[in-house]
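With the hints as extra help, turn the sequences into a complete structure.
What follows is the residue order along each chain.
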Amino acid sequence: DGGITQSPKYLFRKEGQNVTLSCEQNLNHDAMYWYRQDPGQGLRLIYYSQIVNDFQKGDIAEGYSVSREKKESFPLTVTSAQKNPTAFYLCASSPSNEKLFFGSGTQLSVL
Amino acid sequence: DQQVKQNSPSLSVQEGRISILNCDYTNSMFDYFLWYKKYPAEGPTFLISISSIKDKNEDGRFTVFLNKSAKHLSLHIVPSQPGDSAVYFCAAGTGANNLFFGTGTRLTVIP
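Residue numbers (my numbering), protein chains in the order written: chain H, 10 to 120; chain U, 252 to 362.
Worth flagging that the hints you see were computed from the coordinates, not collected in a lab.
Each hint can be trusted.
In the BS3-like style, the derived pairs of lysine-lysine whose C-alpha atoms are separated by at most 25 Å in a straight line are:
#, chain 1, residue 1, chain 2, residue 2
1, U, Lys307, H, Lys108
2, U, Lys288, H, Lys108
3, H, Lys108, U, Lys319
4, U, Lys322, U, Lys305
5, H, Lys108, U, Lys305
6, U, Lys288, U, Lys319
7, U, Lys256, H, Lys108
Derived contacts from chain U toward chain H, CB cut-off under 8 Å, selection only:
#, residue
8, Val255
9, Leu285
10, Pro295
11, Phe297
12, Phe340
13, Ala347
14, Asn348
15, Phe352
16, Gly355
Just so we're clear, the structure is a prediction, and the values are computed from it rather than from any experiment.
Note that CB positions come from ideal geometry on N, CA and C, so glycine has one too.
Structural data, given as structure tokens:
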């Protein structure tokens with residue numbers, strides 16, 4: 010089935026630890042995105058990538074890093090510099106500069 | 252500052268009646284508007300979109316209305332069904348790379 014796969018569904022981070030959230034798509038979409046959702050808030054853009062080996066910061070990129078070595082994959086690393094990492098993280102892709110297709114999300118919590 | 256606002260955090264509607272979800276935006280440069288539906292612990296699913304050259308777009312039971320002068324859009328669901336119970340997000344922007352999301356409205360359709 011075509012779609013966007015995020016893993017793991019739940020992730021726990023210890024203080025000072027970096028963690029990486031996986032996002033894979035088989036929709037052949039050029040653009041991929043990472044959003045963060047906090048309770049009672051809208052989605053906020055962390056990073057996006059329009060083509061392989063290129064990515065741009067979104068509104069809240071501090072404390073996060075990404076890579077785009079393959080068209081299908083756009084992993085997000087939450088670094089120890091991100092002081093408030095507990096949130097629901099959503100990966101999305103887009104075939105053009107229009108609607109986004111979302112994965113099922115990863116809930117990150119701090120131990 | 253929130254560029255897209257959904258002022259009603261929740262809405263309850265009887266099955267078979269009309270559900271009207273509202274969304275306001277502040278940036279007159281926005282020309283692309285979308286509605287997404289989200290179930291708990293899942294990613295948002297695209298519902299319907301509209302561009303600024305139109306004032307109405309229909310897809311089955313879902314209709315989106317755009318009032319550019321008031322910077323307001325609304326989603327009408329007729330007739331409402333229990334399976335429509337979810338959180339609905341509106342999004343506005345100039346394209347997939349520049350989308351701003353509202354905080355969501357939780358719709359409950361009562362059987």
